[in-house]
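Trainee: Mind docking chains A and R with the ligands on chain Z? Use the hints.
Residues per chain are reported as follows:
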Amino acid sequence: MRAITAFMNGVTRLNNAIGQWVSYLVFGMFIFILLEVFLRYAFNSPTVWTNELTQLLFGAYAVLSGGYLMAHRGHVNVDLIYSMFGTRVRAVIDIFTSILFFIFTLALLWFGYDMAQESIGNWETSYSAWNPPIWPVKACIPIATALLVLQGIVKLLEDIAIACNLSYYDPEKDKVVEEDPKGEQL
Amino acid sequence: PAAAQETITWKVQSHWPGASSSYKDSLGRLKDQIEERSDGRLKLQLFEAGSLFKAQETFNAVSRGILEMGTISPSYASDKMSLAGIASGLPFAFRNVWEAAYFHQVLGFEEMLREEAAQHGVYYSTDKVYPTEMVVKEPIESWEDFTSLKIRSSGALQKFLTEAGAAASYIPGGELYTALDSGIVDGAHWGAAQGAYSMALYEIAKYHVQPALNIAGTDAIIVSQKALDKLPADLQKLVKDVLQEQFWYRTNEYQYKERVTLAKAIEEEGVKINTLPDDVQDRLVQVAQEMWDEEGKRSDNAAEALQMLKDYLGKLGYL
Amino acid sequence: MSIEALTLLFFGSLLFFVFLGLPLAFVLGGVSVVFLYFTWGFDSFYMVASQIWSTMGSFTLVAIPLFVFMAMILERTGVAKDLYRTMHLWFGGVRGGLAIGTLVICAIFAAMVGISGAAVVAMGTIALPAMLARGYDRSMCLGVINTGGGWGILIPPSIMMILYALISGVSVGKMFAAGVLPGILLMVLTAIYILIRSNLQPHLAPALPPEERGTMREKLVALRSIALPVLIVFMVLGSIMGGITTPTEAAAMGVLGSLIAAAVYRKLDLPLLKEASVRTFKLTGMIMWILFAAHAFSAAYQSMGAQALIEGFMTHIPGGPWGIIIAMMLITFILGMVLDPVGIMLITLPVFLPIVESLGFDPIWFGILFVINMEIGYMTPPFGFNLFYLKGIVPPGITMKDIYKSVIPFVIVEIIGLAILMIFPEIVTYLPDLLF
Ligand code: NA
Ligand code: NA
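Chains as they are written, first to last, in the working numbering: chain Z, 1 to 186; chain A, 1001 to 1319; chain R, 2001 to 2436.
Do not rely on the hints blindly, as some may be mistaken.
[Stated by the list, open to error] Simulated restraints, written as ranges between beta carbons of each label pair:
#1 R:L2231 - Z:G86: 49 to 55 Å
#2 A:Q1045 - R:V2188: 44 to 50 Å
#3 A:V1287 - Z:R73: 53 to 59 Å
#4 R:E2311 - A:E1115: 54 to 60 Å
#5 R:V2264 - A:Q1281: 50 to 56 Å
#6 A:Q1045 - Z:Y168: 49 to 55 Å
#7 A:Y1102 - R:E2357: 37 to 43 Å
#8 R:F2436 - A:M1308: 24 to 30 Å
#9 A:Q1045 - R:I2408: 35 to 41 Å
#10 A:E1115 - Z:Y168: 33 to 39 Å
#11 Z:A17 - R:P2354: 52 to 58 Å
Read the hints as simulated data drawn from the structure, not as lab findings.
In this text the structure is predicted, and so the values were computed from the model without any measurement.
Even glycine gets a Cβ: it sits at the ideal position worked out from N, Cα and C.
Okay, chain Z solo, but in the shape it has when bound (with noise of 0.2 Å):
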């Protein structure tokens, strides 16, 4: 029991500190596209690298939002009915829809990483005028589709202790570590 527990919070505690690393790079996206508007306005001397920099590290931080997100419950979803229902029925229906979300991300893992490999095998650069390797930003696709699974393996066991009452893991506990960063809650 008490290994699952670690698991769970170590899982959450990884993609955690990666979400809050990646956020930062809004930063890198907004210099560089006032970068290329002040070169080419100012200097007329537009660059070959900033905008497709700046999508670069736009491709990594959406997809690297998937595990941080799900671990802040922070994918939206229709409460319209489901929130008619007690924290136990809940649980159920999300140990039922689980399926649905394992098969999407399963395939996409699979997918994700057979296209990851392949560009990593020839260090694929983009071919524009700059060149540069895209392969990193290709292999975000596996990478964060397996933090989010894992998230998915928490929120998993986190309903099953919750619809069968296991000591694994405790929602109040939980609730007030959630809500402890200040601002944080969306």
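Mentor: Chains A and R with the ligands only, in chain Z's frame:
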């Protein structure tokens, strides 16, 4: 036999949007030809650009056999085909469309492309060769005019224009019109006359620049070898024959439509032809030739193709 | 299996899992994968990964985190609060005055962005708390932001119009010009609705009590607070119109403007930036994962033969040319409830456009009707990006149900607007005819 009579349907992903003339003229023609000549045994189900796969992903999808057929620009296969750079056009190499056609079909460049693609399970066939030409808001009358330009470009031409001293930046197609209109850029290339016309660029940029930045087989049709092998022998031959005819038919037709479209733009939109002054052309050719050599370094294949090209251009008296 | 049966199953299972509370991204993705397996085989899952990669590479989407970032900074600086205080002083005497003021700001914001969601987020973070704090009805506030925020694709610049132009071959410039008057019409209609509603039920959008309306002097002093918002609008709009930036790049100008505003208010510090970036990350990530899956979903639907289904429908429409146009509006409206707009365009336009033109209708006029319909799609339940954006930023007490309910009257107003444009096509064609 019964097996030979079954209907086979291929999924075909286009890299042209539905409104693009090539969607109907190239892909529509291909569909009609194949379906008619095979008595409906082989059917093509066409998908517009982006419906199933984005343009840059189509080669992968065909290579994996998920799609049976697709259209691409060779640059989308740059990571798989070392000849892609030469196929999508070295700047200021050919001066006439027929020269590029001869290079592909008679001198053997098409065969070289086909061999490279075959290594990825893809049968490659150039749809047509045609020019890429710029439109600008103010005419280019001197080298200074050229180097002060801000041009919307992409791929190898972006690099070329930058190295030549203009300010070339990439702007996605969706923002091209507004960028040109508001003066973020002063010029752009989107195919040649037909492309510019379809993007309504002549509304805001009245000068059509000639000669072409390049002339090349910028559109290609790719077929999954796996899908091809599954066809009965007569259908395999039929597909290849239709593709071969397609090249000559479309190259010629495209030329005709370019001329007609340009005439229409001149008539309706008051577009003028801006022929680059000789000294500007000379300097551009100089920059271009340095870039060719870089393309040649990509692989043995590329070096061989480049040498072949140079010999050919020499024979034509251009080098 | 026929495409009709597949459609029912496909959308049926989508709704089933959506209402069971599974996050939308996973419903869309999961349903796509299951159906791809049965219609196209295991290897076709590659399409899902490939669609994600393509979506990650879409430059126009870069505007989303930037505009969201801008909104998050602005909200924390106090600029927004002051702006609403000023608006309240000036228009607070009118019932519904703040809501109408919000609509005007939405329209201005729409002229700065080419996408729908950015304005929803900006107005949702800025306007929603301000209106709620002044006793406005929750449903009224949510509806106003939902509808006004969506005008980003109707008032130029607009990515949706550019897409329409690319698919249909009409001029982008004419489309842009054509969108201006319909945009204003929708704004006026919505304002009329608010005025009527708030005069019938004053508690929905209460006027400021006379003793709190302030003296002329107070009002004039308060005007200072609009200087910074005006500066930001000027930076964004000015850089687009002045040929300095593309609409996407303009988002960075917006961030710059909001940072300046924060500095002026002496709020620019590390905690603010950190918090804003985390909140931006959550909201952008939420939308991007839905987009990833939505693109896979519409590609899967396309591959099953969606276009053939629409083609089939179109051959059975009674009622002559107008019957066909109304049927097209109805089909896009229904698809708008469950699919993302780009997917709808790719599926329906290739079928619709040749018919529209052969019937002798103006494709630009049709395009505007279509874009308005897409905008309605952004806010019709159950699947609408405006709704999701809003859910992502509202205070915890507000449920999806509240948001769903709030849009109904506003959707009806937009449909009335659509009808007016069908009866008086001149409203659409006047400007493009004048300018081109
Ligand atoms: Na807009
Ligand atoms: Na909707």
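Trainee: Which of the listed hints are broken here?
Mentor: 4, 8, 10
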